[in-house]
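Asks: Sequence:
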Amino acid sequence: MLWSLLGSKEEAHGSMVHSFRHGFSGFAAKLTESQAKKIADLPEVVHVIPDRFYKPATTRTWDYLGLSPTNPKNLLNQTNMGEQMIIGIIDSGVWPESEVFNDNEIGPVPSHWKGGCESGEDFNSSHCNKKLIGAKYFINAFLATHESFNSSESLDFISPRGYNGHGTHVATIAGGSYVPNTSYKGLAGGTVRGGAPRARIAVYKTCWYLDLDIAACSSADILKAMDEAIHDGVDVLSLSLGFEPLYPETDVRDGIATGAFHAVLKGITVVCAAGNAGPAAQTVGNTAPWILTVAATTLDRSFVTPMTLGNNKVILGQAIYTGTEVGFTSLVYPENPGNSNESFSGTCERLLINSNRTMAGKVVLCFTESPYSISVTRAAHYVKRAGGLGVIIAGQPGNVLRPCLDDFPCVAVDYELGTYILFYIRSNGSPVVKIQPSRTLIGQPVGTKVASFSSRGPNPISAAILKPDIAAPGVSILAATTTNTTFNDRGFIFLSGTSMATPTISGIVALLKALHPDWSPAAIRSAIVTTAWRTDPFGEQIFAEGSPRKPADPFDYGGGLVNPEKATKPGLVYDLGLEDYVLYMCSVGYNETSISQLVGKGTVCSYPKPSVLDFNLPSITIPNLKEEVTLPRTLTNVGPLESVYRVAVEPPLGTQVTVTPETLVFNSTTKRVSFKVSVSTTHKINTGYYFGSLTWSDSLHNVTIPLSVRTQLLPYYYDEN
Numbered sequence: 000m001l002w003s004l005l006g007s008k009e010e011a012h013g014s015m016v017h018s019f020r021h022g023f024s025g026f027a028a029k030l031t032e033s034q035a036k037k038i039a040d041l042p043e044v045v046h047v048i049p050d051r052f053y054k055p056a057t058t059r060t061w062d063y064l065g066l067s068p069t070n071p072k073n074l075l076n077q078t079n080m081g082e083q084m085i086i087g088i089i090d091s092g093v094w095p096e097s098e099v100f101n102d103n104e105i106g107p108v109p110s111h112w113k114g115g116c117e118s119g120e121d122f123n124s125s126h127c128n129k130k131l132i133g134a135k136y137f138i139n140a141f142l143a144t145h146e147s148f149n150s151s152e153s154l155d156f157i158s159p160r161g162y163n164g165h166g167t168h169v170a171t172i173a174g175g176s177y178v179p180n181t182s183y184k185g186l187a188g189g190t191v192r193g194g195a196p197r198a199r200i201a202v203y204k205t206c207w208y209l210d211l212d213i214a215a216c217s218s219a220d221i222l223k224a225m226d227e228a229i230h231d232g233v234d235v236l237s238l239s240l241g242f243e244p245l246y247p248e249t250d251v252r253d254g255i256a257t258g259a260f261h262a263v264l265k266g267i268t269v270v271c272a273a274g275n276a277g278p279a280a281q282t283v284g285n286t287a288p289w290i291l292t293v294a295a296t297t298l299d300r301s302f303v304t305p306m307t308l309g310n311n312k313v314i315l316g317q318a319i320y321t322g323t324e325v326g327f328t329s330l331v332y333p334e335n336p337g338n339s340n341e342s343f344s345g346t347c348e349r350l351l352i353n354s355n356r357t358m359a360g361k362v363v364l365c366f367t368e369s370p371y372s373i374s375v376t377r378a379a380h381y382v383k384r385a386g387g388l389g390v391i392i393a394g395q396p397g398n399v400l401r402p403c404l405d406d407f408p409c410v411a412v413d414y415e416l417g418t419y420i421l422f423y424i425r426s427n428g429s430p431v432v433k434i435q436p437s438r439t440l441i442g443q444p445v446g447t448k449v450a451s452f453s454s455r456g457p458n459p460i461s462a463a464i465l466k467p468d469i470a471a472p473g474v475s476i477l478a479a480t481t482t483n484t485t486f487n488d489r490g491f492i493f494l495s496g497t498s499m500a501t502p503t504i505s506g507i508v509a510l511l512k513a514l515h516p517d518w519s520p521a522a523i524r525s526a527i528v529t530t531a532w533r534t535d536p537f538g539e540q541i542f543a544e545g546s547p548r549k550p551a552d553p554f555d556y557g558g559g560l561v562n563p564e565k566a567t568k569p570g571l572v573y574d575l576g577l578e579d580y581v582l583y584m585c586s587v588g589y590n591e592t593s594i595s596q597l598v599g600k601g602t603v604c605s606y607p608k609p610s611v612l613d614f615n616l617p618s619i620t621i622p623n624l625k626e627e628v629t630l631p632r633t634l635t636n637v638g639p640l641e642s643v644y645r646v647a648v649e650p651p652l653g654t655q656v657t658v659t660p661e662t663l664v665f666n667s668t669t670k671r672v673s674f675k676v677s678v679s680t681t682h683k684i685n686t687g688y689y690f691g692s693l694t695w696s697d698s699l700h701n702v703t704i705p706l707s708v709r710t711q712l713l714p715y716y717y718d719e720n
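Under numbering that gives the first Met the number 0, the very last position in the sequence shown is 720; numbers go up by exactly one each time.
Simulated from the structure, these hints should not be mistaken for laboratory data. Warning: the hint list may mix true and false statements.
Said to hold, decoys possible - The calculated BS3-like cross-link candidates involving lysine-lysine, where the alpha carbons are at most 25 Å apart (straight line), are: (1) K625 / K608; (2) K184 / K383; (3) K568 / K433; (4) K565 / K72; (5) K565 / K670; (6) K565 / K625; (7) K670 / K608; (8) K625 / K675; (9) K433 / K312; (10) K113 / K265; (11) K600 / K265; (12) K184 / K433; (13) K184 / K265; (14) K265 / K670; (15) K265 / K568; (16) K72 / K600; (17) K683 / K670.
Stated by the list, open to error - Distance windows between CB atoms, simulated: (18) S124 / L154: 37 to 45 Å; (19) L209 / A647: 50 to 58 Å; (20) D406 / S429: 36 to 44 Å; (21) E152 / E96: 17 to 25 Å; (22) P305 / D102: 41 to 49 Å; (23) N623 / T328: 38 to 46 Å; (24) S151 / A280: 54 to 62 Å; (25) L713 / P109: 53 to 61 Å.
Heads up, the beta-carbon is just placed ideally off N, CA and C, and yes, glycines get one too.
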């Protein structure tokens, strides 16, 4: 095909970047726009997808979620900790010397593994073992657009080895081995391990660092990695990668979605990050309905940092500060830069203006509207450079903490506490403060929250498909990184993001797959979604951080916070197969030829076009309710053969929801039963979304799906013709 387009075999060979052979048929090549258009017009071509670049969106997590190794009957021990499972990590590579890749007491490599370890810069097959069983790298597409890339200048390696540590961190969370006596300089002490600590790790490096903090991950390289992973025999694919949401491009043109579709057809669950663009609405990424998309929550853990003011009032801030106590020291709020008459707002972003004046030998208070992860670091640099001894940053609650500078106190408080401290400064002639090192606080009264950065629904691509699907801890997660960092000589560090929540779910998926090898990816997702906590593990309300903070809803956390133990016995599942995915693609308007070529067999879409609302998801989302709609769902029994379930509905505000029938009966000959849900509105105006739930219950199981409904009596646009 390329030969005929470009005119010679040599030109075709020079243009080729990747060929895809295992999960699907295709290739990646360097083409001009006109050449790409010509090839797109060929009848045997399904899609021409432009290359794009994605970004790489422990000691407490697993006990918090109920997966303690001390319980012999829980999911962890029932599956021998996932020993026969292979988790594929598509990310920035791996640091193989990390302790989390030890293969102590792990048996032979699973017989279904067909992959291997690829040699490259400072990496060879000897770096693999019975834990880290595979390692490959994919760089051709990246180099096609970054020809001047120099690995030595960026501190990266042209090999599976990853310097930055992001890939090592997420691999630890998914399937890292037990490493006792870990902490970050005394904080969060305990044993680090992955969700499936005996599972095998296969690493596929597709992300390349242009410098220590900026990475690029080519969609063509990712597709090639997914193709290889399908061939190699992975059981789960974990991608802590994302991109800015696309409006309104269809998800089949999303490289991750395309590769994930073929993986799911092979029985491989694909777990992806929701993204870190929250708390704004419609920011969620990785929205294809065959992907398990993960939001991030906090743990029931905080790093309390006591600050004592000169009036003996103790303020509890948040920080990751492991240095020595800062004794009573002058406390200032810079309000005027130098001798200028310009008003100074006291914002952290403007500390540079004042950095040579009033901060030497003092602790500085400033206010910010930006994320702490940005403002903390900048403010700390400004204050330390001016000779300051610490900085207190007041901002929106719930933002991410991280060490800002080595042994330099950067303490976060909310606006209310920040205002109290400011009042104290202004009402005292010589205000002072003492800052003590951070302490780890676990359990109540620390509540669980959806992180402010976690991307939110509704789905910007297909509003009737609920995204994210599920939430998991992703804030201040301690896991392995490279061992040559300045943060921790042993190589453990806190990171936050949906990148950290994603491998949490991947590890749980590996355990569920080990326990139920006959479950499809859709069944596994259904089990996770329908059994999730809608409160925290202690029964308290989960809030979603933002401005303002609010009770979390399905657009924040999907079905809720993952509950691994409950997911082992969901009772019923909303399953999906190839025909269901074909129904979905017909409903959103893909043409029959494209669908046929994508799925590998002839497809005829029904007329009239099916409704996307009929897609058998473990959720119901109706974005434009005007008149009553009735939609079907089908449940498959994976619990006791003789079971009777009865329905209970919490209707969204202003709606009427009826379910027919109200009772489902399963037995040895009836394993799948369908029902219908009718939804109507009592609202007389257009509304926002309201939320509810639908639950099927027997004496043992509660199978709950979220309901999300928006009344739209008058559309936002219409065709006068």
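Asks: Each hint: holds or not?
Replies: Hint-by-hint comparison with the structure:
no.	hint	in the structure
1	K625 / K608	holds (19 Å)
2	K184 / K383	holds (21 Å)
3	K568 / K433	violated (52 Å)
4	K565 / K72	holds (13 Å)
5	K565 / K670	holds (21 Å)
6	K565 / K625	violated (36 Å)
7	K670 / K608	violated (29 Å)
8	K625 / K675	holds (18 Å)
9	K433 / K312	holds (11 Å)
10	K113 / K265	holds (15 Å)
11	K600 / K265	holds (15 Å)
12	K184 / K433	holds (21 Å)
13	K184 / K265	violated (44 Å)
14	K265 / K670	holds (23 Å)
15	K265 / K568	holds (24 Å)
16	K72 / K600	violated (44 Å)
17	K683 / K670	violated (41 Å)
18	S124 / L154: 37 to 45 Å	violated (24 Å)
19	L209 / A647: 50 to 58 Å	holds (53 Å)
20	D406 / S429: 36 to 44 Å	violated (26 Å)
21	E152 / E96: 17 to 25 Å	holds (23 Å)
22	P305 / D102: 41 to 49 Å	holds (43 Å)
23	N623 / T328: 38 to 46 Å	violated (59 Å)
24	S151 / A280: 54 to 62 Å	violated (43 Å)
25	L713 / P109: 53 to 61 Å	holds (57 Å)
The structure shown violates the earlier hints numbered 3, 6, 7, 13, 16, 17, 18, 20, 23, 24.
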